[in-house]
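When we follow our numbering, the leftmost residue of the sequence shown carries the number 1, and every step to the right adds one.
One should not assume that every hint holds.
Have a look at the derived ranges for each label pair, beta carbon to beta carbon [said to hold, decoys possible]: (1) 119 <-> 60: 24 to 30 Å; (2) 72 <-> 47: 37 to 43 Å; (3) 143 <-> 123: 25 to 31 Å; (4) 150 <-> 31: 54 to 60 Å.
Calculated from the structure, these hints are not laboratory results. Glycine is no exception: its CB is placed at the ideal position from the N, C-alpha and C atoms.
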Amino acid sequence: IEKLAIALILIAMAPMAWSQGTFRYGSGERAESWDFSLEVIYLGSESLSGPGDLSVAIRDDYGFGFNFGYNFTNHWALGFELNFLSPRYTLTGTPDGETSPQTLSHKMDMFNGLLKGTYNFIDGPVTPFVDLSLGFSYLDSNIKDGPNYCYPDWYWGWVCYSNTFSDTRFNYGGGLGVRWDINRDMFLRVSYSLMTIDISSSSDPTFDMGRLEIGWRY
């Protein structure tokens, strides 16, 4: 449903984009300006397999993030995005020493940093665009790994914590969307993209990601 909604929005806005010509709000062209935006993200579900009979089913989730970048021209831009999600997952496999599979359900923390190159097709206030990205993904299973560590605190008394299974991996992907420069100061973007996380010990998961952004131009 979420994919269909994003696709319909892009299709509906495309005719508006193609009808635009060169735009100027005083000195408000995109060229040589900075962008900053806040975004709501939809992450699609995904399944992956590991060694033996190990498998992980990751549920869809909503998250948030922010993006900042520089418009070199009305067409070309380079930006950096950081987003945060906490999808639930189900881990299934046979532990060492066991004879039957077991299932564990938990919630992970996912942090993605993306360097994104963007090309806006139209030299106008409404334009379709494509982007390519590469970066890193930090994944924390929130499953305990090792003993508890405790230290004294002047207010709470003894405070204990433990390490969890976590990893940082390379990611890459691309997407398409529509941008609307409302005026010289604000813009909206809606987009759909794919992001693949490079996990060498298992199948590489590829996530559907939908974004709705509100931004400011400086």
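(request) Identify every previously stated hint that the structure contradicts and give their numbers, smallest first. (result) Hint 3 contradicted; others consistent.
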